[in-house]
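Chemist: Here is how the chains run, residue by residue.
2 protein chains.
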Amino acid sequence: MGPPERDGTEQQLTELVTGVLSGNRIHIAKAITLIESGDPLGDLVLSRLRGNLRGVPVIGFAGPPGAGKSTLIGALIGVLRERGKSVAVLAVDPTSPISGGAVLGDRVRLVGKVNQSGIYFRSLASRGATGAIARNIRAMCRVLDAAGFDAVMVETVGAGQSDVEIMGVADLVVIVVPPDYGDSIQAIKAGLLEIGDVYVVSKSDLPNSKLMASVLESLLSGRNRRVRVMTVSSATGENVRELVDLIWSELEAMKESGELDARRTRIHEWEMREVLMERVKSLVESALIEEGHLERARRELASGADPRELGRRLAGEVLKTVQRRLEGQGWDR
Amino acid sequence: MGPPERDGTEQQLTELVTGVLSGNRIHIAKAITLIESGDPLGDLVLSRLRGNLRGVPVIGFAGPPGAGKSTLIGALIGVLRERGKSVAVLAVDPTSPISGGAVLGDRVRLVGKVNQSGIYFRSLASRGATGAIARNIRAMCRVLDAAGFDAVMVETVGAGQSDVEIMGVADLVVIVVPPDYGDSIQAIKAGLLEIGDVYVVSKSDLPNSKLMASVLESLLSGRNRRVRVMTVSSATGENVRELVDLIWSELEAMKESGELDARRTRIHEWEMREVLMERVKSLVESALIEEGHLERARRELASGADPRELGRRLAGEVLKTVQRRLEGQGWDR
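If you read the sequences in order, they're chains A and B.
The first sequence begins at 128 in this note's numbering and counts up one residue at a time.
The second sequence begins at 128 in this note's numbering and counts up one residue at a time.
These aren't lab readings, by the way, just hints derived from the structure by calculation.
Take these hints with a grain of salt, some might be off.
As the list makes no split between identical chains, a pair holds if one copy fits it or if it spans any two.
The calculated lysine to any residue pairs, modelled on SDA-like cross-linking and capped at a C-alpha distance of 20 angstroms, are [as the list claims (entries may be wrong)]:
no.: 1; residue 1: Lys-382; residue 2: Leu-428
no.: 2; residue 1: Lys-382; residue 2: Ser-430
no.: 3; residue 1: Lys-408; residue 2: Leu-453
no.: 4; residue 1: Lys-212; residue 2: Asn-366
no.: 5; residue 1: Lys-408; residue 2: Arg-451
Starting from the given sequences, assemble the full structure and let the hints guide the process.
Modeler: See below:
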């Protein structure tokens, strides 16, 4: 890695950091892209921004596709804007229709400096990068924190593996489920039951939402702390204000009880472990390819070697190569 | 690891392997559980079964929750049973309602030896184990191969990250989408467009399925090889037989063209890499905890250290510990 080159990189860095701190949309986007793509420059930007972090809340939204997460986020942003709050949204749901125009329509202009519109949107590709999502999203939230937003919202599918991830990212988790009984119960049982702080039954203008809310309440009754369930309609605006109030009062209560600090410590530890493992993985991947381990392994597979036995044996050999490299002996011994 | 203990383990192993080879449902289940939980005994079982593998087809089914994958699999099994074929199903979709009774109802008795019913079902927990799914499922398929089934079907959600996984597991991938236009297009765009060999629009008794099929065909027209689209109704049985025929003729064509061998080589290489990385990960995790690295890191985080910088630094230190252990110097030097 080494220190950044003096001229080009240093100037680029300073410009990026200054841009982010002044809320420049293009520089924010660039910083996030650097982090998303794993560019070492992203980490340099993050280091520079450290002194400007205020610890703004990161609110996670999870729920099955079609639950109405994006529309709900749009409605919440409307209320927050009325109250003078600026909001950034990171959408990790690959099926999310979130984009500047799709959710907010013509209500705001998403150009120029973000402090003019008070809103920033970003869709993130989630495919093929499971662990990477969570690790990097918390870092992106720091960019948005330093850029001056009052809150960051993270939208994710939260089904299967990714439910763990939203807990590794968000200070508070809102689970959104549609009023459709069967689908919601399936989604909830598939891992959403343990991770939410607030549960929202969306589309309360449609039939069954009240029924769904009471089913949810009874499903959640086994949890050892009080969990709130609310029916909300993004279409009619029913309970949208109340949901904003609920989220902020829960965050306030978490801050006072020390729960917020405890969660952030867990999130940081998780992030540290993820970065550690990612570094190990990339060292192993390089060693695998550059020292011919993979070529030899392919030949062995082709002649019928067992992939599992081969994988276990190769682990020790590849780690030896990694160690040699770390000790500065280089790749050629 | 070392050789298995002579008495207990050896006897247990022999019993398990003999049980699997004779199609004993309890022994098959036990072998799969060993693999699922990462028990080293599972690998010993796999080694013993190697000589009995016939290379039966592994057919993957992916699609959004609610697409009707489980019901379709049930219908396909009905046809295959009529034709005297035995089938094993591994369901990785956490929301799958698949279980012996749920799909096949009273048509078959799922007790005793599997060669009496010709069917074996297994639900697999997928939460919190992304990479582990694919790596281990292919190994489980080998158990089912050795147990004498004519085909293995793997059901998965296939959204987000997991779409890559079904390709790392299955010889042939069937994508199932519901006739509902919007949801299907979203799911397809979220990563199902590149991975299918056969696309099925389910519930062809409902309106819109023909329309959906032609939309799919135009979406798929950019692919460089011919991909088949079919509308199927598990309820009325429409095209169920035709789908079975299509799957088997595609498999046959893949075998003749060499594509099947090529895919299996890729699957094996992927499995080897996954096992390698899993071994590295577990060595790193042990080193992290057992040598006090984690405790020290926690203290640093509590006093405000940057989680990412800490993670990168720790990687080198932890790898040094791992190396010391691998060289047999033990944990205490």
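Chemist: Does each hint hold? Answer for all of them.
Modeler: Hints versus structure:
1. In this assembly of identical chains, the alpha carbons of Lys-382 and Leu-428 lie at most 20 angstroms apart only when taken from different copies (19 angstroms versus 55 angstroms within one copy).
2. Taking CA atoms no more than 20 angstroms apart as the test, Lys-382 paired with Ser-430 passes between copies only; the shortest distance there is 18 angstroms, against 60 angstroms inside one copy.
3. Taking CA atoms no more than 20 angstroms apart as the test, Lys-408 paired with Leu-453 passes in both settings, with 14 angstroms inside one copy and 18 angstroms between copies.
4. In the homo-oligomer, the alpha carbons of Lys-212 and Asn-366 lie at most 20 angstroms apart inside one protomer (19 angstroms), although the nearest pairing across protomers, at 55 angstroms, exceeds that limit.
5. Both within a single protomer and between protomers do Lys-408 and Arg-451 lie at most 20 angstroms apart by alpha-carbon distance, with minima of 16 angstroms and 19 angstroms respectively.
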